[in-house]
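S.K.: Can you make the complete structure from the sequences, with help from the hints?
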Amino acid sequence: MSLFHRHRGLTPYLLLLPGVLFLAIFFVVPLGFLAYQSLQSGNFDIGYSFTWAWSNYGDALRNYRAQFIRSLEYAGIATALALVISYPVAYWIAFRGGRWKNLLLLFIVAPFFVTYLIRTLAWETILSDNGFVVNTLQSLHILGPGGRLLATSTAVVAGITYNFLPFMALPLYVSLEQIDGRMLEAAEDLYASKLHAFLRVTLPLSLPGVVAGTLLTFIPAAGDFINAQLLGAPDNHMIGNVIQSKFLELTDYPAAAAMSFILMAGILVAVFVYARAVGTEQLTGTAA
Amino acid sequence: MSAVAVERRPARPNVASRAFAFVRRNLLTAYSILFFAYLLLPIAVVIVFSFNHPTGKFNYTWQGFTWDNWRYWDGVPGIRSSIVLSLQIALLASLVATALGTAIALALVRYNFRGRASTNILIFLPLSTPEIVLGASLLTLFLNLNVIFGFWTILIAHIMFCISFAVVTVKARLVGFDRHLEEAAMDLGANEWTTFQKVTLPLIAPAILAALLLCFAISIDDFVVTYFNSGSKVTFPLFVWGAARIGAPPQVNVIGTAIFVVALTAMLVNVLIQMRRSKGAT
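Residue numbers (this note's numbering), protein chains in the order written: chain A, 1 to 288; chain B, 1 to 282.
Every clue listed holds true.
Some, not all, of what chain A presents toward chain B, calculated at C-beta under 7 Å:
hint: 1; residue: Pro12
hint: 2; residue: Gly19
hint: 3; residue: Leu31
hint: 4; residue: Leu34
hint: 5; residue: Gln37
hint: 6; residue: Trp92
hint: 7; residue: Phe107
hint: 8; residue: Phe113
hint: 9; residue: Val114
hint: 10; residue: Ala122
hint: 11; residue: Trp123
hint: 12; residue: Ser193
hint: 13; residue: Phe247
hint: 14; residue: Val271
Keep in mind that the hints were calculated from the coordinates and are not lab data.
Predicted model only: the values in this text are computed from it and were never measured.
Positions of the beta carbon are idealized from the N, C-alpha and C atoms, including for glycine.
M.R.: Set out below in structure tokens:
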């Protein structure tokens, strides 16, 4: 028994060791290398050397200001759209779903069962110049005769919104589903109209879901480059497109690394502000 | 429930709240149906266009029905090997990540130890880092260490981003289960390992299975991180990316449809079993 007690103190560390070591080597250390790379100067042919080149950050912000702003803008609009689009449905499933709830949730995540790139290509088909969406909009004179949807910012934002919609809808549903129906009855007993009961009870109680959904949508959306690549024109390129091409096509590693860090820093600041506002427990609890 | 509440309440004719009640009752349902139509539309397009018979190289407009794409699903050079590689990576990555993740989840839920909070943060961080940063940082690591890109770099990348998902999935199940069962086993003389094998493992087996499936699904769908760390190897999403630049062949839709049907069937069975079980319980 004494042997057992002695080992007890070590057990959690033995359990943690392999996984944490893996994450340390292949997640934390690479971030260090990324930081190191971002302060180097030189080019691919003569090689790179570490020179505390902080100017990489200034240059990145100066040269690709438009792409940074566009990324935040597209991701912000897509997140807001996803919230507005999916809130009523999350509400409907939570309060009206009955025993079909799980089945309806399955439909919500159904897009995830189709490979990301393939469902984005499907939007390319849907929004293509001879597709029925463009034809309908043209016949309604919303779109001019030569007007198109593909290669516009509308298409990119629409693609991002669709692709990350389940990330918004699921946390919303979780927080709405947890609301105790008796709270709403109490509100109505106290002569609150249905509208007031919604605004004063349901909406505030669903806020953790709103926060989690917003983060889960905004973070991947801000770093995305697939939608901009497949549905947009070069004018619609986001910072992800620049990072991707600098790393894999232009081999301008320091600039690309600096841009990755600016993107990550921006996102971490946003997450931190959110975490402080709502409390980390709630944040990680609903996100999980 | 709501109908009762409405009757009981003294009539207060308020246009706004009555309009809201109407919206809640009918429009919401109609809206939700529209929502699901929107959500499933691209999936329908993928399935329908897997039967298309394109005349040119672009599979954008409907030309005519054919079974050929399904019959010759590997009729495009490179597609078969990309699927094989994706399956290999997904299988290995989900096994390793789930094993590592389950151990971490056990430590986090079962034990109080120094460094618990920082471990939680370490698990949470990869989930809140954009994929492009995950991919780019691994790329710089491998570049700086002169590692040759290929099967192993892809596998390492996939294990890395799957671990957190496995931890979160298993943790969710562990939190809600009865600690006394393990204590009883230990009181009866079982040591920690035996207790784990005979009591803990069977109880969390469904969560481990769920973690495996989730990791498999995430791995087989991953494009961004793989794109940064694949070298000249081509997984299925990379194949789609390459094909999209010159016009994706309908076989891409065939594979997409096949993956969708398999995943949906697995999930449907799971949901139906749950529904039957909860129906039996009430």
